[in-house]
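Residue numbers (the working numbering), protein chains in the order written: chain A, -18 to 617; chain B, 188 to 375.
No wet-lab data here; the hints were simulated from the structure. Don't take each hint at face value.
Below 25 Å or equal to it, Euclidean Cα-Cα: the simulated SDA-like pairs (lysine to any residue) are [unchecked claim]:
#1 B:Lys271 / A:Ser19
#2 B:Lys342 / A:Leu450
#3 B:Lys342 / A:Leu384
Using C-beta positions, here's what the derived DEER-type ranges look like [unchecked claim]:
#4 B:Pro278 / A:Gly160: 30 to 38 Å
#5 B:Glu292 / A:Phe579: 22 to 30 Å
#6 A:Val548 / B:Glu292: 32 to 40 Å
#7 A:Leu617 / B:Lys314: 26 to 34 Å
#8 A:Val575 / B:Lys314: 16 to 24 Å
#9 B:Lys358 / A:Pro380: 52 to 60 Å
#10 B:Asn275 / A:Val548: 43 to 51 Å
Below, a sample of chain A positions facing chain B; criterion: calculated Cβ distance under 7 Å [unchecked claim]:
#11 Leu20
#12 Ala24
#13 Asn539
A quick note: this is a predicted structure, and the numbers were derived from the prediction, not measured. Every residue, glycine too, gets a C-beta built ideally from N, C-alpha and C.
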Amino acid sequence: MRDSKAGLPVALRAAIGLCWLASSAGVSAADDALADLSLEELANIEITSVSRRAERLSQAPASVYVITAEAIRRSGATSLPQALRLAPNLQVAQLDASQYAITARGFNNAIGNKLLVLIDGRTVYTPFFSGVFWDQQDVLLADVQRIEVISGPGATLWGANAVNGVINVITRSAAETEGALVVGAGGSREARLGARYGGAAPGDGHFRVYGLHTRRENTSDENGTSLSDGWDGQQIGFRADWGGTTSGFTLQGDAYRGKTELRNFPFPGFPAAIEASGHNLLARWTRRLDDEATLRVQAYIDHSERDDALLYKPEVDIVDIEFQHALRWSAHKVVWGGGYRRASDDVQPGLFFGFRPPQRNLSWTNLFVQDEIALQRNLDLTLGVKFEHNDYTGTESLPSARLAWKLAADQLVWGALSRAVRAPARLDRDIRLPPNPPFIIAGGPDFVSEVANVAEIGWRAIPRPDLSLSITAFHHDWERLRSGQLPPDAMVQNMISGSTYGLEGWGVWQATSAWRLSAGFTTFRAHLGVNAGSADPVGPSALGNDPDFQWTLRSSLNPWPGHEFDVAVRRVAALPDPVVPAYTALDLRYGWRVTPDFIVSVVGRNLLDGGHAEFGAAPGRSVIPRSVLLHLRWEL
Amino acid sequence: MSALRVWRAGVFAFALCMLAASLAGRAFAQSEANPAEYQIKAAYVFKFLNYVDWPPQSAADAPLQIGVIGARAMADELTGIVAKRTVNGRPVTVRRLRPGDATAELNLLFVARSESARLADIVAATKDQGTLVVTESAEAPALGSAINFVVEDDKVRFDVAPRAFEKANLKVSARLLTVARKVLPGSS
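Chain A on its own, in the form it takes in the complex (with noise of 0.2 Å):
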């Protein structure tokens, strides 16, 4: 054992430490002078690094879920919202071949709009109604490096619409892709084909390209009688990074179309498909300011349309700008920073719905700002408030307090009260149908925002190393939710209230080196009424048709080295309006692992029953049917 400075006090060692650390944002690797600190030098010495956020979720006062790359490797996903069903804090439901109601908290539904969904950075839910269409958003899920679900209100850092939660889709910097990689995937309902190339690129930085294409069989209703759901689509895109986490670059785009089969339908105009397309470029900028501060800008551009004849056909391009800078100031970590978002679109009518005016053009800017304050070494308190700018209602502020109690250094406690908002959309609005006078559904000019008022209390431990466990229970208090009146020329208002409350659990057990076990379960009730003078025939149903209770158990063995064999079952309480069974779904996969680079996977899905429904009204609603897929990985 041999310290080469064994004469330099500690103190001014670890000072020297600190000083290169500090320098070192701008010098390049190989430098070695902390080799020569002690043990406990080096435990002392404080880092700040972005890289660290998925480690430091763990310790979020919030109800965080992530999901891994590992896991969505194993549970054999070829869809984003397939890989989605792996957070049990999420409720998932397939509608079709390729769409999907996806929420947390209730209120699911095909045009949910409480839930913000980000990919890289990127926004991806529609503006003029404030949902997602799951089967325009695709990403190579080889390359996804994680998938945080924040379910509850994200709103203070992430803004209005993320009201009941926040899905943030986080691929892999270039630099961790590099090389070539095909997957395959082809059963009897869907065939999918994606490779990658990576490599360096220019300037010391590296570069990614990928393409896919995916075939989506079509679904049966429950008469029998085959749907025209089937899809096509293709997607190109690509990710370029320079640097590293705390100081870099990064450059990326992706371009996609895809449509339905063709849909008929005696009217005039069809047999007409549903197609779909867009673009994106977005590009981020991350400085390490200091050894305490980071500074992030990132802007993009989004181009997305839709045409749907029976529906609407809408053309939208967005403009987003923000910037972030993180801060430390003795006891406080400060985040603060703004955004601008612009939207210009066009919702030509279809058959069914019209918007008026067919053209507009919406802006938010928002302010935001919060401060992680440790009141005492395990008490740490975290406040912030955002402010936002909509052009229907003005101002929003949407404050939160949490208050996270360590009480060892494995166990969290947390509490949150918050305030979210989501804020009037085009659809509710300018909707018509039809699009023509009379009018039997009008949007609401005096529609105002739906407000959420939210208190969360959570624990997570890992009480061995080997075992996990988070628990978290809700009450939301809501006021002003969308309403409907009687027709003709029902106007949209904001006459629903009431509460919504249940738990959120799960836990991962690492019974052996070889097998894992994951278990996790949702509870929601629902306590919504009409207010007193209006005259809305649906009343809340029309909000979210949602379960009381969901489940689900995963299993992921390695009975011997380079085999795989995971179990998952999920079981999820009956719809209440209209009315949707419920079922128990089981997945098999079977995986072996050729050579390193190589895998073969069998996955079998829905293998309890010969199909089931899983949203929307009988007789005319897809039943989501049994399948098996074979999957090819292959590392060049």
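For this one, chain A is given, so just place chain B on it according to the hints.
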């Protein structure tokens, strides 16, 4: 709506980006390339070599061999450290490996977080080789890693699983155990 037009716009945007990126890349190439986290971890890994009783080699000055899977920054840092240093008179070599490469000769194997998906297989491959496996992911100790890095309160700490040392026929020094954040009971 013209899908072709959109497609062409996409390809054009792509080409434009690559151009802009290669220009921007020059400006950013000078900026910091590896987070401080790996600088500290690399220093630790080098120190760890001092606190393990390595089985005697035929030649007393045979080099100690470190392998790194994933995390090029880690390998770069370590290469810089070992260039001017020895451990008890023995030189140290550092190699970057791909999953599946032979690990038989290695004294210490670092597996980066990005490769944690393959950890079970990698650990299985080092069985009975006398290789110390060092990792940085939460699930690693349960999969048989001997030393696992954790970041706590913005500091890099590590947990030690003596059981994994035993299985690799290595002896861990008491000093490593005292500095460790936690000494893990270890799993089968």
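Structure versus earlier hints - violations, ascending order: none
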